[in-house]
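Participant: Line by line, the protein sequences are chains A and B. Residue 309 is where the first sequence starts when you use this note's numbering, and the numbers rise one by one after that. Residue 2 is where the second sequence starts when you use this note's numbering, and the numbers rise one by one after that.
Treat the hints with care, since some could be wrong.
Only pairs whose alpha carbons sit at most 20 Å apart, straight line, appear in this in silico EDC-like list of lysine to aspartate or glutamate [as the list claims (entries may be wrong)]:
1. B:LYS203 to A:ASP600
2. B:LYS205 to A:ASP600
3. A:LYS452 to A:ASP560
4. A:LYS480 to A:ASP560
5. B:LYS241 to A:ASP560
6. A:LYS603 to B:GLU92
7. A:LYS557 to B:GLU92
8. B:LYS219 to A:GLU581
9. A:LYS415 to A:ASP560
10. B:LYS163 to A:GLU581
11. B:LYS219 to A:ASP593
12. A:LYS447 to A:ASP560
13. B:LYS225 to B:GLU215
14. A:LYS578 to B:GLU223
15. B:LYS225 to A:ASP560
16. B:LYS150 to B:ASP216
17. A:LYS531 to A:GLU372
18. B:LYS225 to A:GLU372
Simulated from the structure, these hints should not be mistaken for lab results. Remember, it's a predicted structure, so these values are computed and weren't measured experimentally.
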Amino acid sequence: MILLQSPSRFLLQILHDRLLSQDKGVDIDCQTVEFDDVRYHIQVSMRNPKVLVLSVALPLPPEEAASFDGLPFGAIEAIKAAYGPVVQILDPPKDGFDLTLKINLAKLPSDEEQKNAILLQIASIREVVLGAPLKILLKNLSMKTVGPEAGQPVALVHRPNESFFVVPQADKATVVYPMRFLDSIDIVLATSFLQEFVEARRTAALNNAPACMWSQSPPPELKGAPESALTANAGFVTFVVNPRHVEGKKLDRTVWNLLTFHAYVSYHVKCSEGFMHTRMRRRVDTLIQALDRAKSDAEKLKKMVTGPSFKKWFVI
Amino acid sequence: MLTGTWQPVRINSLLPDSHFASSVYLRPSLFQIASPLHSTSVPPSSRSPRLNWSEQIDTGSSVVNLLSISKDSTMANTIRLYLTCIRNTLEAAMCLQNFPCQEVERHNKPEVELNTSPELIMNPDLICRNEAEKCLIETPINSIRISMKVKQADELENILAKKFLRFLSMRAEAFQVLRRKPVQGYDISFLITNYHCEEMHKHKLIDFIVQFMEDIDKEISELKLSVNTRGRLVATEFLKQFI
Numbered sequence: 309m310i311l312l313q314s315p316s317r318f319l320l321q322i323l324h325d326r327l328l329s330q331d332k333g334v335d336i337d338c339q340t341v342e343f344d345d346v347r348y349h350i351q352v353s354m355r356n357p358k359v360l361v362l363s364v365a366l367p368l369p370p371e372e373a374a375s376f377d378g379l380p381f382g383a384i385e386a387i388k389a390a391y392g393p394v395v396q397i398l399d400p401p402k403d404g405f406d407l408t409l410k411i412n413l414a415k416l417p418s419d420e421e422q423k424n425a426i427l428l429q430i431a432s433i434r435e436v437v438l439g440a441p442l443k444i445l446l447k448n449l450s451m452k453t454v455g456p457e458a459g460q461p462v463a464l465v466h467r468p469n470e471s472f473f474v475v476p477q478a479d480k481a482t483v484v485y486p487m488r489f490l491d492s493i494d495i496v497l498a499t500s501f502l503q504e505f506v507e508a509r510r511t512a513a514l515n516n517a518p519a520c521m522w523s524q525s526p527p528p529e530l531k532g533a534p535e536s537a538l539t540a541n542a543g544f545v546t547f548v549v550n551p552r553h554v555e556g557k558k559l560d561r562t563v564w565n566l567l568t569f570h571a572y573v574s575y576h577v578k579c580s581e582g583f584m585h586t587r588m589r590r591r592v593d594t595l596i597q598a599l600d601r602a603k604s605d606a607e608k609l610k611k612m613v614t615g616p617s618f619k620k621w622f623v624i
Numbered sequence: 002m003l004t005g006t007w008q009p010v011r012i013n014s015l016l017p018d019s020h021f022a023s024s025v026y027l028r029p030s031l032f033q034i035a036s037p038l039h040s041t042s043v044p045p046s047s048r049s050p051r052l053n054w055s056e057q058i059d060t061g062s063s064v065v066n067l068l069s070i071s072k073d074s075t076m077a078n079t080i081r082l083y084l085t086c087i088r089n090t091l092e093a094a095m096c097l098q099n100f101p102c103q104e105v106e107r108h109n110k111p112e113v114e115l116n117t118s119p120e121l122i123m124n125p126d127l128i129c130r131n132e133a134e135k136c137l138i139e140t141p142i143n144s145i146r147i148s149m150k151v152k153q154a155d156e157l158e159n160i161l162a163k164k165f166l167r168f169l170s171m172r173a174e175a176f177q178v179l180r181r182k183p184v185q186g187y188d189i190s191f192l193i194t195n196y197h198c199e200e201m202h203k204h205k206l207i208d209f210i211v212q213f214m215e216d217i218d219k220e221i222s223e224l225k226l227s228v229n230t231r232g233r234l235v236a237t238e239f240l241k242q243f244i
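With the sequences and hints as input, model every part of the structure.
Facilitator: Have a look at this one:
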């Protein structure tokens, strides 16, 4: 699985299981944590078997991100638009969480395909909520209008205490990510990965993809941004998004990919390190075999004799 | 006088009272010398402008200078000759015998680690492939310490080498002849005692060490290649999403 998937498998599994076993009386109370500090808590009690309560906790926003009362800008409208009557927002959210939804399974459409589509949408709650401000900006781009913040960098949250910046303009939107990693090895690996992004964009097959640049110092688009956001130990990545990347069906996918870019790079850096460990272990085994060959036969015989095969050898 | 391609030169004086004092020890066939070389200077050749001389590293110990040639020619050959030179040095140096400790009764320690009595410790040998890669071989009477410095061209190779060599050093127990910490200034060290020579065949042990060195180089370049390939793939998949 190279790309990060938008619907959360945990939620999808629970929703499907609940649908299949609607008559059986099983209480569900599960919590889980996803990458970048997103927590889910899902509850079903047998008193109302058709009602699921889903609570979502979002990553802590840094100071410069657009201030909101617990939820990103435009999240509530996005939820209403995406789910319709099936989902109801409970206010105030449960303790420790930022958003609580009541999902009414009775109101799901009866058509199998539509039902699955809505369940998939519910499992993608993270994309809907966290991606709401980005979706609004990109929708403006696809309609070639600009909101009040044209030309100024807008800070959006994608990780706890970190934000990325979008500079909306009439004909394009520039997205800048300050990339920060904790481990020094991660930094070097990520830097080489990010430079590959720039290289890959240059190949002819990807001419229609957004233009991609990497630089060690903050790019000029970030001139209006606060100082604390401008330190990044693995450089700054800039994507230039055109209207054709966000028209129609592509909008959702573009929002998800841009939202989880840092998580994507970080995931592959970790995979790379894991792969290196496997290789190194295999190499160590080869070398130890080579060393064993160096041992004289007398030594090997001594080792064999002291083992459980002593009796066998003795009989011969 | 030098003809043809460069060759490694090794000056061998392992015993302090110079049994093989200052004799030239040359393996490769293309190399021809007119006069015996002394350990201090070798006259530069005027016929091949591409050859550049590496500086003499240390005047105290006997030193090997490897002629390094420009990168566009036979880079692959240099590793062969470097390893052959190391192998020959080890074959000559690996004559270890049991030697009980002089200082403490009934103790038997590898003298290279103690470094107390100068008469027990021979002159160390330093074999350099270029400024970045070198190999130090120290041979007292009952042990050999081989320290290597691995080539690290850029930041990525730097951390890959460090990671891999730390990984190996942690498993020194399994390797028996590996030292847990490398000698100061080097990346990895072996410690071979007379007991190891008694248990294992000498030529196979040398085979192992040379193979080890080759494997490290190969492994680091393969790791770097895998990182770059993965980066390319990841980037292509991501950007394809937008088309």
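Participant: It remains to establish, for every hint, whether it holds in the given structure.
Facilitator: A quick look at each hint next to the structure:
With a CA separation close to 13 Å, the supplied pair B:LYS203 and A:ASP600 stays within the 20 Å bound. At roughly 10 Å between alpha-carbon atoms, B:LYS205 and A:ASP600 fall within 20 Å of each other, so this suggested pair holds. Annotation: proposed proximity of A:LYS452 to A:ASP560 holds, straight-line Cα distance about 17 Å (limit 20 Å). Pair hint A:LYS480 plus A:ASP560 holds up; C-alpha atoms about 17 Å apart against a cutoff of 20 Å.
Under the criterion of a C-alpha separation no larger than 20 Å, the hint pairing B:LYS241 with A:ASP560 is consistent with the structure, at around 15 Å. Taken as a hint, the A:LYS603 and B:GLU92 pair is honoured in the structure, with Cα atoms around 17 Å apart against an allowance of 20 Å. Simply put, A:LYS557 and B:GLU92 have alpha-carbon atoms about 70 Å apart, too far for the 20 Å limit, and the pair is violated. A hinted pair counts as satisfied when its Cα atoms are at most 20 Å apart, and B:LYS219 with A:GLU581 qualifies at roughly 18 Å.
Our distance criterion of 20 Å between C-alpha atoms is broken by A:LYS415 and A:ASP560, whose separation comes to about 24 Å. Among the hinted pairs, B:LYS163 with A:GLU581 is consistent with the structure: their alpha-carbon atoms are about 13 Å apart, no more than 20 Å. For the proposed pair B:LYS219 and A:ASP593, the alpha carbon gap of about 15 Å is at most 20 Å, so the pair holds. Between A:LYS447 and A:ASP560 the alpha-carbon distance is near 10 Å, which keeps this suggested pair within the 20 Å criterion.
For the suggested pair B:LYS225 and B:GLU215, the alpha carbons sit about 16 Å apart, so the restraint of at most 20 Å is met. About 18 Å separates the Cα atoms of A:LYS578 and B:GLU223, which keeps this hinted pair within 20 Å; it holds. For the proposed pair B:LYS225 and A:ASP560, the alpha carbon gap of about 35 Å is over 20 Å, so the pair is violated. Between B:LYS150 and B:ASP216, the direct Cα distance comes to roughly 14 Å. Compliance with the 20 Å bound is thereby established for this hinted pair.
A C-alpha spacing of about 14 Å is found between A:LYS531 and A:GLU372, which places the hinted pair at or below 20 Å, so the restraint holds. About 38 Å separates the Cα atoms of B:LYS225 and A:GLU372, which puts this hinted pair outside 20 Å; it is violated.
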